[in-house]
Every structure is written in C-alpha cells, then in structure tokens.
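2 protein chains.
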Amino acid sequence: MASSAFRFEVEHTDATSQGRAALWTTPHGVVQTPAFMPVGTAATVKGLTPDQLAAAGVQMVLANTYHLALRPGADVVAELGGLHRLMHWNGPILTDSGGFQVFSLAKLTRVDDEQVLFRSHLDGSPFALSPETAIRIQESLGADCIMCLDECPPHGVSPEQLQAAVDRTTCWAMRCKEAQQRTDQALFGIVQGGTDPVLRERSARGLVPLLFPGYAIGGLGVGEEPSAMYTALETTVPLLPADRPRYLMGVGRPIDLVEGVLRGVDLFDCVMPTRNGRNATAFTSRGLLRLRNACHQRDPRPLDEECDCPVCRQFSRGYLRHLFLANEMLGPILLSLHNVAFYQRLMADLRAACRADRGTEFRAIQLARWETSF
Amino acid sequence: MASSAFRFEVEHTDATSQGRAALWTTPHGVVQTPAFMPVGTAATVKGLTPDQLAAAGVQMVLANTYHLALRPGADVVAELGGLHRLMHWNGPILTDSGGFQVFSLAKLTRVDDEQVLFRSHLDGSPFALSPETAIRIQESLGADCIMCLDECPPHGVSPEQLQAAVDRTTCWAMRCKEAQQRTDQALFGIVQGGTDPVLRERSARGLVPLLFPGYAIGGLGVGEEPSAMYTALETTVPLLPADRPRYLMGVGRPIDLVEGVLRGVDLFDCVMPTRNGRNATAFTSRGLLRLRNACHQRDPRPLDEECDCPVCRQFSRGYLRHLFLANEMLGPILLSLHNVAFYQRLMADLRAACRADRGTEFRAIQLARWETSF
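Taken in order, these protein sequences are the chains called H and V. Numbers 550 to 923, taken from my numbering, label the letters of the first sequence in order. Numbers 550 to 923, taken from my numbering, label the letters of the second sequence in order.
Please note that a few of the clues may not be correct.
All copies of an identical chain are treated as equivalent in the list; a pair is satisfied when it fits inside any one copy or across any two copies.
Straight line, CA to CA, 20 Å or less: simulated SDA-like cross-link-like pairs of lysine to any residue [unchecked claim]:
{"#": "1", "residue 1": "Lys595", "residue 2": "Val820"}
{"#": "2", "residue 1": "Lys595", "residue 2": "Gln712"}
{"#": "3", "residue 1": "Lys595", "residue 2": "Asn828"}
Don't read these hints as lab results, they were simulated from the structure.
Construct the complete structure from the given sequences, taking the supplied hints into account.
See the structure below:
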C-alpha cells in the first residue's frame, strides 16, 4: 500500500480532449503532469549530471530494475543509500519491474506462473525473477514509484498467448501487492492486452479492483502502428480510475506524447531524447536536425532558435557538428541535454494547453510545424 | 607585437624558492599564476562543458592548432566567430603552434628550413606548416596567447640534431614575429635544447632579444627522467626575463607542477587530468585512486574527503566505480571534472604557498602525503 505521502490532484481537464493537468505528490517532491521521465537505465541518464537534468526542467527520472539488479546489484545500491543518494537525484524516481528487459533482453531459460528463469545478457549468469523478488529488489532500490512484474509479449503473438499474458500479469499483480512491505513507494499495476480492446478490458477488470495508486499501460510502442497504439489508448484509458496517475510505458516520439496526453495519459518515459542525442539527432520546434549533415558546417545558429536551453544559448550548429565529426564526448552530451530540455518543454506546453482548454488546437499547431519529420 | 591588453605583474616571489605569484592580464580576463590550463584539443576539454570548467576553477584553456587546422579547419573556426565564441569559453585561451603534433602525430613528408610538409593523421591529406602559416592559422583561431612554430625533436636525438632544432626554432621565431599582424594576441617564443644546458642557453640567447611578451619552455616531459627535467628548468628559467610569463609546455604530473612552480614556471598544460579521468583514475590529496578496483564497490566515501568539488560533494566511490563498470559516459565525465578541479586547487595552493614564502615547505608536505603514487 502507498501511504499518504502520495496524492494525485487533477487540477483541470481539457475541454477539447481527455488531456489533464495534475499535481502528483511523492515522497521526493511534486510532479506536474503530464510529465516525461528521461531514462536512467543504470542509475544515470546517459551523459548528463543531475544538475544538468534539473536545469533542463526534469522533474522525475526512471531507472531499470533489470540492469541495476545485474550490475551493481540491488544490495550494493541499498548499501550505498538507495537510488536517490546513489545518483544524487533528490527528485522522484520510478523503477520498472525488470519484466520488460527479462523478456526482451535476457536469454530466457524457463517461464511459468511461478517465476521467470533467465540468464544475464552481460555474462550469462543465472537469475530468477518472481513477483516477490521484483518487489523485494525495487524496495532495495528505493524509488518513489515501483511497478508490478508483468508479462509483456512481443508484438504479433497469437490472441491466446496475449490472453495468457494478461491473466498471468493479473495474477502476478496480486502477488506483488501482497509482497509489498514499504509504505513509502507507490506500486502501479500494469494493464496488458496489446491492441485488443477485449483483452485490455479483461486486464483492467482484473487490476482495477486491486486499488493500485496508479496504473501503467504496457505492451504498446512495441512495433504496432501508431494509429493502433492511439486506438488502444482510447479503449484502455477510460477503463482506469480517473483519480490516479496513468503511465504509458516506453513511449515515445514527440507526436506520441501529444496524442497520449490528449487521450488522458499523465506519465511517459522513453530513451529517444538521449539515444537520438548520442546519434547526433536533435529534436527542434521545426522537426529533426541531423547534425552530421554537411549543411551545418558553418552554421552559427543554435539548434533551435525558439529554444532557451543551455545548449541553444551557448553553442552553434557548426560547433556541435564539429564535435560529432571529431568524436568528442561533448557532442552526445550537449545533444542529449538539448533533447531532454525539448521533451520537458513539450510536456510543459502540453500541460499549459490542457489548462487552457486548447489541447486539440495545440496538437494541430504542432503537427503543422513538425511536418513529417517526427 | 602584443598590445597593452596584456600585463604581467609579479605580486610576490617566494623567499624559499623561485616560485612566484603573479597576475597576467589578457584580453579575456586576468589569470592568477601559477596556473594550469586543461587541454581542449579539438576546442573542447573532453567531456566537460565550459560551465563545468569554470565551476572547477579553470581560468584558461589550451587548444591545439594542428587538430583544429585539420578539423574543422581554421577558416570554419573563424567563420563561427573564433575559438572563444565557438567553444563558448569567454576566458583566456592559448593555442600551440601545431609544431609538436606535426612532429609527433602526423606523417612527415619533408622538413626543411622553409616549412614542414606532412600528411594528416586523420585521412592522409597533405598539409604545409611554415612559421607564417602557423601564425596565420592562430590568428584565425583567435586565442589570447599564441606560440611560435618550433621544432621539437624526440628525446634522445644527437647533440647535432638538437642544436639544429634550436637554430631552426630561433630562425622560425623571427619569421613568426615578423608574420604577426593581430595586436591582441601575445606571441610566445619557445626555448628548445632538451636537457643540454649549453643548447638551452643558445636557444634563450637567440629568443630573448626578440622581446617576446612571454616564453615557453618546450622539449621537456618528452621521455627524460623527471630529475633531468627539473635540472633543465633550473638552467633555463634564469635565462628568461623575470617580468614575463614562463610556460612549461605539456607538463605534467602534480609533482611536476610543484617542482616547476618552485623553479619559477608560471603556466602549465597537460592532458593528464582528463585522460586519467577517462581511464578511471582519480587524483586525490592522498594519491591516485583507481576506480575500477573491487575495493571501491560498496564505498560510500567521496573520491577525496578533502575535496569540495561538485563530484566529491555529490557522488560516492561506489557509484563512480559502477559507472565505469557499466561503461556509462558519466564516469569519465565526473572523474575528469574532479581531476581538473584537483589540478586547479593544487595551483591555487601553490600560489598561496608562494605568497606566504612557504614554497619548499608546501613541497615537503605534498611529497609526504602523495607518497610514491603520483
């Protein structure tokens, strides 16, 4: 159970969409939603210091239980004071359950209703993950918000496999809730069911009675068409309690954030801003900018003339291109920083649009500006 | 010639050594000497933002003419506003002449008194570097302090070769002085001569009458024993005018900075703090710390309990070790930042020791604390 350290207050719901502006209070501060969490897989958002994250407007970060359990180990994180002290990030943190990575990254050795047996993708050493160990590990890591262990099948499995994953996820959610001991962590249930509205409803009907303090939507952004994802959100979000945060896991592109918010999603995470940053691709108010292109060689302009982030205030496209061509670390660092700031500003703009009952108008304006490059 | 934008004022000379505290005014601000310049080879101190450099106490940085001339090209740097604007570093900058890298890094095709013909180490494309082009390039880059083209022979060449390099360096220095057009850059002569006191004197006698606003000592830290380097400093420094800055190029270890300052050196540069940082090695008040070692796994202490840098205030040895084992960029970033801050504090401490007439006492204390690990 989550203690009164958590509170979710919807301030305003957009009159033109399902979008909403809310305040989510956690033990490490208040998150203004809708919010985007940069991904700090191994307890570090790649290339950025906590100070830089805060300066970019980040409120909350995500860390991956699977990676941390393998290295340095949950016990080491606990001994070093938990994730907040380890990373020196004093804001809210969310950890996933490790399930997604176990099913996508590790070499599975056996999966049954009891647990998942797998081998580490790092060195092949054997591990077991059950609902109970997923909770125990996340309690050692000490994030503010933790996730139930779920089974996230790959895109395109049979309806029978999808339904089995839904039912196993519901069963595991009950065991996770039962296993939870700490009262200062919000444990979210995860709705599965792919793009099948019947299975989404089956999943939600199993989880909502468990009264989780928030609900994640898993199994999207895994290869289906964006339109199918948006339709799945339209069927899933209304099944979830309106007075609790809704978190769309692992999504996505800027346009996905807009479409998600307008369908009532409050929280997002994705590696795109940092991964694209490392690959010399910048998000801007006019679309994507590929910094390795020769056209930027002598360009004194900032990445985005409408951006007030530290990178756009200080550096030219020509310099950033040079850094990438010279394989200098500062290139990935600065582009990651800009991209994270871009995502944060987009979320702040979306929040303002919801408060002003201009959600659909905001979407139309953004779509026209980004053209087809996002 | 250097304009009155430059001024070098010796505030105090240590009663116990040749060490001195001075203020060096440049067009981009005052440098408190003795000072250490982190190396920003390709117009970036690897992994660190200008804000982080400033926070670490850095006053002045160095950039490499050879690398910048090859990529992105001096014309591109000029078109993007010169080095200061390019890097967004508003403090003083020094560029070397490119000579050292041409002789050590490039594939030489022909060297004569007129110029050096070589091929880029990047793609084999042909370049020529003469005293005149070295100045022209450095004027395009726009640093506050620039260097004459010199010939820096490798350690261990014959006395005849060493003397030829001295004489060619003197000849080139005259041409560099002649070629200089900008009046807002301090052009330094470079004394060569290896560890041979006769050749050092020959070099200084050729250069001092040219009345450069400062003098660099080249050809040290290239493989000779530290004691031989210190002896060479003892013979060379007194040959240089006391009212101008003395710059020991490319040196070195913390102990070398102490020994250099006590022999009257004002300026240093070296890749050690950043290179060691990238290799998981930290400089601390008690010696070197190798972060990959298993003993640091669960250590909650900062790198250096006497250090007040942003890294030591925020992160544990255990976390930093984890970052390196996980190949996370933040490891090299944070260790580079700490090491640069360590070097800056060492220089500030040396400066204070000189002002207090405690130079030799400071050396004794440091040697005892660092033991043999530096």
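Each hint, compared with the structure:
no.	hint	verdict
1	Lys595 <-> Val820	within (10 Å within a copy, 24 Å between copies)
2	Lys595 <-> Gln712	neither (36 Å within a copy, 51 Å between copies)
3	Lys595 <-> Asn828	both (12 Å within a copy, 18 Å between copies)
Violation of the numbered hints given earlier is confined to hint 2; every other hint is satisfied by the structure.
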